[in-house]
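Visitor: Chains L and S are the protein sequences, given in the same order. Take the first sequence: its letters are residues 148 to 673, numbered as in this note's numbering. Take the second sequence: its letters are residues 20 to 193, numbered as in this note's numbering.
Incorrect hints may have been included.
[Said to hold, decoys possible] Computed cross-link-like contacts, EDC-like style, restricted to lysine to aspartate or glutamate with a CA-CA straight-line distance of at most 20 angstroms:
| no. | chain 1 | residue 1 | chain 2 | residue 2 |
| --- | --- | --- | --- | --- |
| 1 | L | K652 | L | D574 |
| 2 | L | K433 | S | E87 |
| 3 | L | K593 | S | D77 |
| 4 | L | K433 | S | D77 |
| 5 | L | K388 | S | D37 |
[Claimed, not checked] Pulled from the structure, derived: some chain S residues nowhere near chain L, Cβ distances all over 10 angstroms:
| no. | residue |
| --- | --- |
| 6 | P65 |
| 7 | R75 |
| 8 | K92 |
| 9 | H96 |
| 10 | V115 |
| 11 | H117 |
| 12 | A120 |
| 13 | V124 |
| 14 | D132 |
| 15 | G133 |
| 16 | P164 |
| 17 | A172 |
| 18 | H176 |
| 19 | P177 |
[Said to hold, decoys possible] Label-pair restraints from in silico Cβ distances:
| no. | chain 1 | residue 1 | chain 2 | residue 2 | range |
| --- | --- | --- | --- | --- | --- |
| 20 | L | T218 | S | V134 | 22 to 30 angstroms |
| 21 | L | G241 | S | A36 | 54 to 62 angstroms |
| 22 | L | K250 | S | H40 | 49 to 57 angstroms |
| 23 | L | D516 | S | P164 | 29 to 37 angstroms |
| 24 | L | G241 | S | P164 | 34 to 42 angstroms |
| 25 | S | A36 | L | V481 | 53 to 61 angstroms |
| 26 | L | G614 | S | L41 | 51 to 59 angstroms |
| 27 | S | P164 | L | E245 | 34 to 42 angstroms |
No wet-lab data here; the hints were simulated from the structure. We put the beta carbon where it would ideally sit given N, CA and C, even for glycine.
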Amino acid sequence: MSGHLITVYVPRDAAALSLGADSVAAAIRAEAAKRELPVRIVRNGSRGMLWMEPLVEVETPAGRVAYGSVTADDVPSLFEAGFLSGGEHPLGQGPTEEIPYFKKQERLTFARCGIIDPLSVEDYRAHGGFRGLENALAMTREEIVKTVTDSGLRGRGGAGFPTGIKWNTVMQAQADEKFVCCNADEGDSGTFADRMIIEGDPFCLIEGMTIAAIAVGATSGYVYMRSEYPHATATLRQAIKLAYDEGWLGDNIHGTSRTFHLDVRVGAGAYICGEETAMLESLEGKRGMVRAKPPLPALEGLFGKPTVVNNVLSLCSVPIILDKGGEYYRDFGVGRSRGTLPFQLAGNLKHGGIVEKAFGITLHELLYDFGGGTISGRPIRAVQVGGPLGAYLPPAQFDLPKDYEAFAAQEAMVGHGGIVVFDDTVDMARQARFAMEFCVAESCGKCTPCRIGSTRGMETLDKIIAGKNVDANLTLLADLCEVMVDGSLCAMGGMTPYPVRSAVKHFPEDFRRGVPAVRVTHIAAE
Amino acid sequence: MNACQPWSVERARTIVADNRHLRGALLPILHALQEEFGYIDEQAIPLLAGELNLSRADVHGVVSFYHEFRREKPGRHVIKVCRAEACQAMGANALVDHIKAKLQVDFHHTTADGVFTLEQVFCLGNCALSPAVMVDENLYGRVTPARFDAIAAETAHPTPRPTAHMGAHKERAQ
Numbered sequence: 148m149s150g151h152l153i154t155v156y157v158p159r160d161a162a163a164l165s166l167g168a169d170s171v172a173a174a175i176r177a178e179a180a181k182r183e184l185p186v187r188i189v190r191n192g193s194r195g196m197l198w199m200e201p202l203v204e205v206e207t208p209a210g211r212v213a214y215g216s217v218t219a220d221d222v223p224s225l226f227e228a229g230f231l232s233g234g235e236h237p238l239g240q241g242p243t244e245e246i247p248y249f250k251k252q253e254r255l256t257f258a259r260c261g262i263i264d265p266l267s268v269e270d271y272r273a274h275g276g277f278r279g280l281e282n283a284l285a286m287t288r289e290e291i292v293k294t295v296t297d298s299g300l301r302g303r304g305g306a307g308f309p310t311g312i313k314w315n316t317v318m319q320a321q322a323d324e325k326f327v328c329c330n331a332d333e334g335d336s337g338t339f340a341d342r343m344i345i346e347g348d349p350f351c352l353i354e355g356m357t358i359a360a361i362a363v364g365a366t367s368g369y370v371y372m373r374s375e376y377p378h379a380t381a382t383l384r385q386a387i388k389l390a391y392d393e394g395w396l397g398d399n400i401h402g403t404s405r406t407f408h409l410d411v412r413v414g415a416g417a418y419i420c421g422e423e424t425a426m427l428e429s430l431e432g433k434r435g436m437v438r439a440k441p442p443l444p445a446l447e448g449l450f451g452k453p454t455v456v457n458n459v460l461s462l463c464s465v466p467i468i469l470d471k472g473g474e475y476y477r478d479f480g481v482g483r484s485r486g487t488l489p490f491q492l493a494g495n496l497k498h499g500g501i502v503e504k505a506f507g508i509t510l511h512e513l514l515y516d517f518g519g520g521t522i523s524g525r526p527i528r529a530v531q532v533g534g535p536l537g538a539y540l541p542p543a544q545f546d547l548p549k550d551y552e553a554f555a556a557q558e559a560m561v562g563h564g565g566i567v568v569f570d571d572t573v574d575m576a577r578q579a580r581f582a583m584e585f586c587v588a589e590s591c592g593k594c595t596p597c598r599i600g601s602t603r604g605m606e607t608l609d610k611i612i613a614g615k616n617v618d619a620n621l622t623l624l625a626d627l628c629e630v631m632v633d634g635s636l637c638a639m640g641g642m643t644p645y646p647v648r649s650a651v652k653h654f655p656e657d658f659r660r661g662v663p664a665v666r667v668t669h670i671a672a673e
Numbered sequence: 020m021n022a023c024q025p026w027s028v029e030r031a032r033t034i035v036a037d038n039r040h041l042r043g044a045l046l047p048i049l050h051a052l053q054e055e056f057g058y059i060d061e062q063a064i065p066l067l068a069g070e071l072n073l074s075r076a077d078v079h080g081v082v083s084f085y086h087e088f089r090r091e092k093p094g095r096h097v098i099k100v101c102r103a104e105a106c107q108a109m110g111a112n113a114l115v116d117h118i119k120a121k122l123q124v125d126f127h128h129t130t131a132d133g134v135f136t137l138e139q140v141f142c143l144g145n146c147a148l149s150p151a152v153m154v155d156e157n158l159y160g161r162v163t164p165a166r167f168d169a170i171a172a173e174t175a176h177p178t179p180r181p182t183a184h185m186g187a188h189k190e191r192a193q
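Only chain L is shown next, with the shape it has when bound in the complex (with noise of 0.2 angstroms):
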């Protein structure tokens, strides 16, 4: 081995750390030290593949060769297999980027995360960082946000909304002072996007909000985070603090006019805190309850200011629009549904992780040419789409391709972009009570469908799964099921129901288990 400098990677993200990546890199780190080879370790995002976690990396002349599913134990065979020059062992993946999951992918809002340092503004710059804020320091606030509306770019919290359209409302509103907030409360099962991109690439948030500010004439910003993710929160901690000492926030950005100050907020374990009012209102010190719209958070958001509400995503596919331009972001996608979306594939699959593609792909290719089908190997039963709001879904539903209008319309969403898969042991009628006490548990409490509706719903579903009155109580549940979507105040009352009415339409044998055989017999006569 040469005395030259060699880089090893090994990811920093959550879901690697939880798969014991600190205790690789400390191992490494020794066994380099033991054998005195020069070492260089870098603690960079996940590449996504997330059942291969840890994945560790090695910069060879040829690029960058992966290792997967290591353990501190493996470490020694690492070393003994020449892995620093990429020498076989029987965790080689070989070259990273020919791996087929992430060669496939269409990586705009994803492109830099699990490649570079999260923490190196030099690195970030090296791969394009910071390109669409330059270009946005030199245009007209109309013209950023003209921009940002040619491309397409939706809301990618789950609502959909226009983004550029949302930002016109916030620029031409007149205030003393305007906010950008990035609502970062991931609060979906199933979705980890906004975590693994403010872990593996917190600077291109930081530009993304930025250019938001800069557009609509905002001066001051908070990031809203979850308590649940500690280590993201860490992170973009510290990528803001670099990003004020380097001068690309704070007074005078760059030697600009231009002024906008960051700040981060930790919620503090309540969902419906993902609702951008109960957001507003969280951030502003009080208990997060949803605001009655009108009015728009765009007119009267934050302390009654004119306020841009924006997920993760949306805020993270700004720089690449701006450093390339809106046509070429909406170059992807079908329909109205432009650009790409980071598809989340969580619960019971094979391959779980992070799947990049533009709207339009199918389910079936996400679950089985990307997710490898179940973990468990046996059939899956039922996926979920969107989040714990989203609908169930059956294997006939599967070539429904991924786009916000088709998924709207058999009362689906495609949300945040996460798909929860659960295999054929699953028991629908306990997914559909479950979704009910989710919403007991998480109702803000202030509009009664919501708030009582999901204690009667939870209790009417236990009646149903313990076969009393079957029927009329299906009945009832369908009765209760409309009064909500119809009549609560947001999302959390108005979608708690899909996933309710989707069990019961898509897997009615599940709520007649507590039946008596007979009876079964006798209803299906009917």
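Based on the hints, put chain S in the right spot on chain L.
Guide: Same frame as chain L, but now just chain S:
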């Protein structure tokens, strides 16, 4: 390990003074108090009301709204088990049953020896590596009952040398 300090009005006042310049200061202050003392003491309610010019009902309303804020001193370690859908798909319900039986506590309670407080959470963002558990600020994935037992044993009585493949312990000596 929660290196919590015993409740002190003087210390609480200092924390308020350090944070009161923040806009929407109540949540950051509550986080800072909980980090210092491990919970929000009853005496903190009138203190915060007075310092921030709020009613006691306002402060109580905020503290009680958020699941994260605790009203009683926790055990030395806080275990958060994810109960959300992705973890359910990988056996979280059985894991929850195992953990409750193993620790002999229900959610929101502390073990008799004061070592662990057990909490439920909905999503730790580790949904591709379910089921997920967080102990203090260390995240664990693919947690089977056996792996949980090993994590709990290691947390309660850490082995003197660095553990080989336990999980997300922060590296202390770099």
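Visitor: Hint by hint, which ones does this structure get wrong, listed from lowest number up?
Guide: none
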